[in-house]
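Residue numbers (our numbering), protein chains in the order written: chain A, 1 to 101; chain B, 1001 to 1200; chain C, 2001 to 2086; chain D, 3001 to 3129.
If you're looking for bench data, these hints aren't it; they were derived computationally from the structure.
You may find that some hints are simply not true.
Claimed, not checked - Computed list of lysine to any residue pairs in SDA-like fashion (alpha-carbon distance at most 20 Å, straight line):
1) C:K2078 <-> D:Q3110
2) C:K2078 <-> B:R1107
3) B:K1111 <-> B:T1060
4) C:K2078 <-> D:E3119
5) B:K1135 <-> B:L1181
6) D:K3106 <-> A:H58
7) B:K1111 <-> C:V2080
8) D:K3065 <-> A:I72
9) D:K3065 <-> A:Y32
10) B:K1111 <-> C:D2022
11) D:K3106 <-> A:V85
12) C:K2078 <-> A:V15
13) C:K2078 <-> B:T1071
14) D:K3106 <-> D:F3068
15) C:K2078 <-> B:N1030
16) D:K3106 <-> A:Y83
17) C:K2078 <-> B:L1115
18) D:K3065 <-> A:W19
19) D:K3086 <-> D:R3051
20) C:K2078 <-> A:L67
21) C:K2078 <-> A:V85
22) B:K1111 <-> B:S1009
23) D:K3106 <-> A:Y32
24) D:K3106 <-> A:V76
25) D:K3047 <-> D:A3057
26) B:K1111 <-> C:V2004
27) D:K3065 <-> A:L67
28) D:K3106 <-> A:R27
29) B:K1111 <-> B:A1076
Said to hold, decoys possible - Negatives, chain D to chain A, calculated, CB over 12 Å:
30) Y3004
31) L3005
32) I3101
33) R3111
What the hints assert, rightly or not - A few chain B positions that, by computed beta-carbon distances, are all more than 10 Å from chain C:
34) A1022
35) P1101
36) M1109
37) D1125
38) M1143
39) R1160
40) V1161
Where is the CB? At the ideal position from N, CA and C, for every residue including glycine.
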Amino acid sequence: MINILSYTCIILGLVFWYWGTWPLLGRRSVLYKLHGLSVADTLGSMAIVVGLLLRIPHEWPLLVLALISLSIWNTVLGYVLAYCVTDDGTHDVGQEVGHGG
Amino acid sequence: MADSPIMSSYAYAIMLLLPLSAAMVIFQSNPYQALIMRGILGAIAALVYAMLGGADVALTEALVGTMLAITLYVVAVRSSLVMRLGVLEGEGAKNNLQWQPMLDYLRAMLKRYQLRLELVPYADDQALHQALAAKEVHGICLMDRPEPNAEEVAPHILVRVRRLAEIFATELPEAIAEAKLYRDDDLAPIPHTPTLMEEH
Amino acid sequence: MTLVLIAMIGALLIPMVEALQDEDIWQRMLAFASISTKTSVIILVIAVLQDDWMIGVVGVLILSVGNAALMLLAQIIKRVNDVMDG
Amino acid sequence: MTGYLNIILRLTIWFLLTADLSWANIVIGVGVTILLPRGVTNVGLLKDWLRTLGEVAVAIPQAYKEAFEIMLYPHREETVVLERVKPRRTPSLIFLDIFLITFTPKTIVQRYHSRGWYEVHYIQRRETP
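Next up, chain A with everything else stripped away, as it sits in the complex (with noise of 0.2 Å):
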């Protein structure tokens, strides 16, 4: 049962794996691979250590720290990658004015 269900985390790590890189290769602008990036890095390798953790439940300590490590270095790399690409200049992207929820 614990086999399944950690094959099955770790496949689907992999699916966002390849369907969050694939889009490296097109020619789309760097802030669109981002997105792609963060689906693939964050969450499809956070997926990924989920399912060892349920292979190897004893060593829990050293598999959490990456899984924290994982999604807070990748956001702050996303962060910034992002603002590194862009100028401080103005945007000619269609720019409106939101209200933060």
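We have chain A; now place chains B, C and D onto it with these hints.
Quick look at chains B, C and D alone, frame taken from chain A:
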């Protein structure tokens, strides 16, 4: 792990990635892009070492070989691959038609040699010459006017580094700027302060 | 489990190809970020597969400190590009 | 408040990394945690902290939901939207906010303006009219 054939199949696949990424580093001419490739090589090398059981080597590769080496190389590349060009500050030098095309041409030319151009402003011609003699800059750009009120100026670049002078001599057309090699024994035409005193 | 690992190596090949073919420096940074995350997850999977937990500790350590160089590199490339353009 | 959170975060990382609950290890961990330098900490409201931490817990399933949405229906339009920061935010709370927005796959914070605006990059299914 080499005892079972199924285990070694993926091991060989991963190990093949290592020469591929190493070749990517070697055939890269732009230094910054080569640094990115070096990071990729470091990540894959750490993977190979960890897979073959060398946990300590993998950790060293990731921390020292990738993180520290990239940091140090970035600092080194950023501070060395640059040409510092002393220019006159103020609107007088920049308000003529040749200024922007000359800068664009210089940037494009230096970019082919992976150099970037950094402009260092100085107050007057004398400060420019002093900076060149004191090796603060690699070259200076002088704006000579044939007549005091002429609209036309002839940009005039003095370079301290011999290799830069060779590049400028072969690739910089005279119509854009005139480049010369500066040597210490050359008594470059330094404007003397007494002449300035006389004008007042 | 070995099949899973081979599929992961296949996914690792995609950013490698991207880093080979694309000339833009930011696209290559994306590929680098992707590769560094993927290699450390692969190290974790190998640790579970070989049942060698020393490798797992190394994978977690690489995962938790490895991205710092990437951020520094991104900031410096941004600075250099700004100087070159303006 | 944030000072305690800082110490708790460090102790959590230490114990997860060492996975060892012997007395010697606990003493070493607490010592290192207290000796490590701390920056200037701004005291935020406990209520804000609890709510943001709750949002982090909610964000994980929401991130997976959004991931499935963009996998099933291709989102091809990109827009940039300015969003206002909630009032009375300390720097660490702003960091958590940026983390939350960037963590979900449809949105990425591009830039934080110090006058209280985020620049958020969205992908959408079709262009908004």
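Hints, verified against the model:
1. Distance check on the hinted pair: C:K2078 and D:Q3110 sit about 14 Å apart at the alpha-carbon level, within 20 Å; holds.
2. Among the hinted pairs, C:K2078 with B:R1107 is consistent with the structure: their alpha-carbon atoms are about 18 Å apart, no more than 20 Å.
3. A threshold of 20 Å between alpha carbons decides the hint, and for B:K1111 with B:T1060 the separation of about 35 Å lies outside it, so the pair is violated.
4. About 18 Å separates the Cα atoms of C:K2078 and D:E3119, which keeps this hinted pair within 20 Å; it holds.
5. A hinted pair counts as satisfied when its Cα atoms are at most 20 Å apart, and B:K1135 with B:L1181 qualifies at roughly 14 Å.
6. With a C-alpha separation of about 35 Å, the suggested pairing of D:K3106 with A:H58 is violated against the 20 Å cut-off.
7. A threshold of 20 Å between alpha carbons decides the hint, and for B:K1111 with C:V2080 the separation of about 12 Å falls inside it, so the pair holds.
8. Only pairs whose Cα atoms come within 20 Å are accepted, and D:K3065 paired with A:I72 is accepted, the gap being roughly 19 Å.
9. Straight-line distance between C-alpha atoms of D:K3065 and A:Y32 comes to about 18 Å, which keeps the hinted pair within the 20 Å bound.
10. Restraint check for B:K1111 and C:D2022: the C-alpha separation of about 19 Å stays at or below 20 Å, so the hint holds.
11. Taking the CA atoms of D:K3106 and A:V85, the gap is about 18 Å. The hint holds against a cut of 20 Å.
12. Straight-line distance between C-alpha atoms of C:K2078 and A:V15 comes to about 33 Å, which puts the hinted pair past the 20 Å bound.
13. Distance check on the hinted pair: C:K2078 and B:T1071 sit about 15 Å apart at the alpha-carbon level, within 20 Å; holds.
14. Straight-line distance between C-alpha atoms of D:K3106 and D:F3068 comes to about 11 Å, which keeps the hinted pair within the 20 Å bound.
15. With a C-alpha separation of about 15 Å, the suggested pair C:K2078 and B:N1030 falls inside the 20 Å cut-off, and the hint holds.
16. In summary, the hint linking D:K3106 to A:Y83 is supported, as the alpha carbons are separated by about 16 Å, within the 20 Å threshold.
17. Between C:K2078 and B:L1115 the CA atoms are separated by roughly 16 Å; this keeps the pair inside 20 Å, and the hint holds.
18. Simply put, D:K3065 and A:W19 have alpha-carbon atoms about 15 Å apart, close enough for the 20 Å limit, and the pair holds.
19. The straight-line distance between the Cα atoms of D:K3086 and D:R3051 is roughly 13 Å, inside the 20 Å bound, and the hint therefore holds.
20. Distance restraint check for C:K2078 and A:L67: the Cα-Cα separation of roughly 29 Å exceeds the 20 Å cut-off, and the hinted pair is therefore not satisfied.
21. Of the pairs offered as hints, the one joining C:K2078 and A:V85 holds, with about 8 Å between alpha carbons and a cut-off of 20 Å not exceeded.
22. Restraint check: the Cα-Cα separation between B:K1111 and B:S1009 comes to about 44 Å, which exceeds 20 Å; the hinted pair is violated.
23. A threshold of 20 Å between alpha carbons decides the hint, and for D:K3106 with A:Y32 the separation of about 10 Å falls inside it, so the pair holds.
24. With a C-alpha separation of about 15 Å, the suggested pair D:K3106 and A:V76 falls inside the 20 Å cut-off, and the hint holds.
25. Straight-line distance between C-alpha atoms of D:K3047 and D:A3057 comes to about 16 Å, which keeps the hinted pair within the 20 Å bound.
26. For a cut-off of 20 Å, the pair hint linking B:K1111 to C:V2004 is broken: about 45 Å separates their Cα positions.
27. The hinted pair formed by D:K3065 and A:L67 meets the criterion: a straight-line CA distance of about 18 Å does not exceed 20 Å.
28. Taken as a hint, the D:K3106 and A:R27 pair is honoured in the structure, with Cα atoms around 19 Å apart against an allowance of 20 Å.
29. A hinted pair counts as satisfied when its Cα atoms are at most 20 Å apart, and B:K1111 with B:A1076 qualifies at roughly 18 Å.
30. Remark: the non-interface label on D:Y3004 is consistent with the geometry, its nearest Cβ contact in chain A lying 19 Å away (cut-off 12 Å).
31. The claim that D:L3005 lies off the interface holds: its Cβ sits roughly 14 Å from the closest Cβ of chain A, which is beyond the 12 Å cut-off.
32. The Cβ of D:I3101 does not lie farther than 12 Å from every Cβ of chain A; its closest approach is about 9 Å, which violates its non-interface assignment.
33. Distance check for D:R3111 against chain A: the nearest CB is about 6 Å away, which does not clear 12 Å, and the non-interface claim fails.
34. Residue placement check: B:A1022 keeps its beta carbon more than 10 Å from all beta carbons of chain C (closest about 12 Å).
35. The beta carbon of B:P1101 is kept farther than 10 Å from every beta carbon of chain C, the shortest such distance being approximately 16 Å.
36. At roughly 13 Å from the closest C-beta of chain C, the C-beta of B:M1109 stays outside 10 Å, upholding its exclusion from the interface.
37. With a least beta-carbon separation of about 25 Å from chain C, B:D1125 lies farther than 10 Å from that chain, consistent with its non-interface assignment.
38. Non-interface call for B:M1143 relative to chain C: holds, since the shortest CB-CB distance, roughly 21 Å, exceeds 10 Å.
39. Every beta carbon of chain C lies more than 10 Å from that of B:R1160, the smallest distance being close to 21 Å; the non-interface claim holds.
40. Every CB of chain C is more than 10 Å from the CB of B:V1161 (nearest about 20 Å), matching its label as outside the interface.
Going down the numbered hints, you'll see the structure goes against 3, 6, 12, 20, 22, 26, 32 and 33, while the others check out.
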